[in-house]
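Asks: Letter by letter, the chains look like this.
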Amino acid sequence: MMLEVQGLASRYGRIPALKGVDIQVRQGELVALVGANGAGKTTLLRALSGVQPVSAGRVLFEGRDITAAAPDKRVRLGIVQVPEGRQVFAPLTVEDNLRLGAYLRSKSQAAQTCERVYAMFPVLKSKRREAAGMLSGGQQQMLAIGRALMAEPRLLLLDEPSMGLAPRLVEEIFACVCALKEASTTIFLVDQNARAALAVADRAYVLETGRVVLTGSGAELMENEQVKEAYLGL
Amino acid sequence: MSAQFMPQFMQYLLSGLTVGAIYALVALGFSIIFNASHVINFAQGEFVMIGGMATVSLSAAEVPLGLAIPLAVAAVVLVGLALEKFAVEPARGASVITLIIITIGASIFLRGLATLVWDKQLHVLKAFSGDAPIAVAGATLLPQSLWVFGITLAIVLALSWFFGRTLLGKAMLATSHNRLAAQLVGINVRHVLLLSYGMSAALGAIAGILIAPISFTTYDVGVMLGLKGFAAAILGGLGSGVGAVVGGIVLGVAESMSAGYVSSAYKDAIALVITLAVLFFMPSGLFGKRGGERV
Ligand SMILES: Nc1ncnc2c1ncn2[C@@H]1O[C@H](COP(=O)(O)OP(=O)(O)O)[C@@H](O)[C@H]1O
Ligand SMILES: [Mg+2]
Chain Y
20 MMLEVQGLAS RYGRIPALKG VDIQVRQGEL VALVGANGAG KTTLLRALSG
70 VQPVSAGRVL FEGRDITAAA PDKRVRLGIV QVPEGRQVFA PLTVEDNLRL
120 GAYLRSKSQA AQTCERVYAM FPVLKSKRRE AAGMLSGGQQ QMLAIGRALM
170 AEPRLLLLDE PSMGLAPRLV EEIFACVCAL KEASTTIFLV DQNARAALAV
220 ADRAYVLETG RVVLTGSGAE LMENEQVKEA YLGL
Chain X
24 MSAQFMPQFM QYLLSGLTVG AIYALVALGF SIIFNASHVI NFAQGEFVMI
74 GGMATVSLSA AEVPLGLAIP LAVAAVVLVG LALEKFAVEP ARGASVITLI
124 IITIGASIFL RGLATLVWDK QLHVLKAFSG DAPIAVAGAT LLPQSLWVFG
174 ITLAIVLALS WFFGRTLLGK AMLATSHNRL AAQLVGINVR HVLLLSYGMS
224 AALGAIAGIL IAPISFTTYD VGVMLGLKGF AAAILGGLGS GVGAVVGGIV
274 LGVAESMSAG YVSSAYKDAI ALVITLAVLF FMPSGLFGKR GGERV
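If you read the sequences in order, they're chains Y and X. In my numbering, each residue's number is its place in the first sequence (first place is 1) plus 19. In my numbering, each residue's number is its place in the second sequence (first place is 1) plus 23.
The set of hints was computed from the structure by calculation and includes no laboratory data.
Part of the chain Y face toward chain X, derived, beta carbon under 7 Å: (1) Ser68; (2) Val70; (3) Pro90; (4) Asp91; (5) Val94; (6) Gln100; (7) Pro102; (8) Gln106; (9) Phe108; (10) Asp115; (11) Leu119; (12) Gly120; (13) Tyr122; (14) Leu123.
For each residue, glycine too, the CB sits at the ideal point set by N, CA and C.
In isolation and in its complexed conformation, chain X is listed as follows (with noise of 0.2 Å):
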């Protein structure tokens, strides 16, 4: 074994855990929407890209990023809303397949419209604290990286403090378990749906700004984004919080590790097996409904 190995193994590590991070709040947007709705929601990468976009160019309008990330979440919250509104809610009691063409019929208008709203260039947003490295065991890790770990631990705590804590949490665990009862107890599952729409878009936008500084941002980088997020979703438990948390770390570190002691040709493809492999062997995925609390 080579003296490399701890050094190069961190540096491998360190970029998993980053991407990971992103992969977890991708993840957790669609676990969210699945729980108030059993509608995937591929829409959910068009929220990553809007996020990353918005922020470019508004930063790009000289808007300090302070004020530019909220304004960008803000903006991404209102089309998810939207989206529930004018798109999903219209459709209320059509089939669960109905819905999700919907969503795909979504992304691509979303992508559609990205193109003429901004344009198919690729774009880079400067990192939160600059990209002078820090040295962990041998290896280097970007401040973005930190941000990215803070902001996923703060957002993962918030959530479980707000399903495991709060009525309004309860009353959207109630809607995804029986909607009936909760119905019933006076609950109102469309805001519940509504909500649902607004926070998934919250989470998808937070991490498209994260990431931003790290790879670059363009129309399309939803399509990928989401994609390894579902199959983050998928790898936890569809509907589990803790599963997409832990879903997104195990993908990213996976594909982080394959690009280095592999080839970085077979990175995409790493979703794409653990999907596939998941949905043969272990269909409710590590967390899923069969045992754990779903969130």
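Chain Y extracted, bound-state conformation (with noise of 0.2 Å):
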């Protein structure tokens, strides 16, 4: 296995945003959450990287506790997030923010990956010497995913990816995801478009106010009626 979370609870102040998850991905899975605005997908990813406070429960990495790691050594280990809202670092430019990605690898190993990042999204090299801050809003995203990826991932934690983004752009933000998975990058995905997450998700898990109600394959909950009214608006 190569995350395990067991019984995990956060709050914020007095106020519990999650209260006691289990959620088991395995090694090259896509893996699914969803679940309503407020349910906690975004804490429960937080409290994943490390940089939110943990109030009971564990968080194993292939077998190893990292329940009170920091954050940067779960970089280390290989858990990358791109987080909600993108949060490029917006004044600095395409190429300092995608070499900050690679903050803890050599210069060399992040020119290479940076290859393969402009590879895969080439805006990015044309705008390289551009702020963040300047990108639209699909650039940004594919900006956050490339940030991410100089890391190395071996777990990627992808949060509200497509948010806010027009259809096309959406598709092609689920392609690259796709692509990833392709390439045997273990994916823990949250996307408000249940749909589209359910749709490429090997399992899936729903999050409702803290607590995880269904689990199943991708195409299993997509069947399912529950699922149906609530998140696919059928």
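Using the supplied hints, reconstruct the complex from the two chains, each of which is provided in its own coordinate frame.
Replies: Spelled out as structure tokens, the structure:
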């Protein structure tokens, strides 16, 4: 098992956001997490990256307990996140954003990966000297994904990568997620676009107010009546 | 216009530039910590004071200046790191206001400590390379001023290389722009904070050492220099490196001109007037984060 989340709880002050979440991700899988706004998806991903305090439960990565590990240690292990809202370093150039994505790697390793990122997103190469904040929303999302890829992730956490994008760009982002899976990156994907997420996922979890209420293969959940009604708008 | 005008003007300008360079160094110290944590470190002036005082006493103990200066800077860097480690770090998660109050407490503590380690007397450090004045366009320039200009210029160039060209410098900038994203790429933001206190302490110490031969050094010299540096940082736009340098120079020259042409009684009021005017009419300063790049 690559990632094992056991009874994870987290709170903002006294208000609980996660109330004992169990999730498993196997090597090479694409696992989706769907749920309404405020369900706790972002909180869970932040807890997995070590930037959100955990009040109970454990996180195991390849059998190792990392519940108390610092964020940089997790990046070193290969757990890398594309955060909600892109969070690019706006005044820095595209190139600097990418180089910082490989902060823990050597210059030559970074240069190699950078070529691959440019091959994947040619528009980033043509804008490499521009400030990240000047890019369009879709380009910033590509940059956020590219920056995460610079760390050579073994487990990629994607938080709402298609949020606020035009349909054509949403398609492009999902094609990119599928390409990453083909290239054997393990992916844990959160997306409001439940239909698209379930369509590409091997397995999925449904989160409701801090609890996992359903799990199954992507196809199974697509056919589930509750899911259809609540998340697919059928 | 009298024949005296040009030489006199040059004289005021040169002394204004000298003090302005010192203010710029102090302002850069404020900006670096502000960028890393949004905290205004009111102990910045005490870094300046300890730098000057330590060099004076090492020098009095016959330690050559070439050794006394690096030792004093190193001592102040240790004070800065200790301030972060033992006063700021334990309050992690506290509000910015709480952290600012902690730095005010630290500044009072450090001044008290200085009266115990040293005394309340005025001290003077001998100039780095003599007091023989150099004639410049009818005005005179002390060799110490050349040291001030040269070292300030070297520091400004070194800082712009560090923040513009090195990965660590860019990581510090990235942390100041987006702390969450910095953590997610694996930057240890606690190390960044520690480093920012170390760098600010070094800048303060160097400012204090450079000015010690020009004005007296004493346990509370940091209060006024800290305020002036703060005013310069506000004028330039808190957090902007270019702004800190420009703000320092403008403040230094404005003070010197007003002391020369109006009255030296108003000299110290200039900083206060500038601070208030900027805060009222132009809160982001000349180079604040509205536009230009922040260092
Ligand atoms: N910084 C915060 N402070 C207080 N409450 C928060 C904060 N961030 C999120 N929450 C609350 O935690 C719950 C889960 O939020 P979040 O994890 O962002 O949900 P999702 O990503 O699924 O939309 C929500 O009720 C939200 O209001
Ligand atoms: Mg969210």
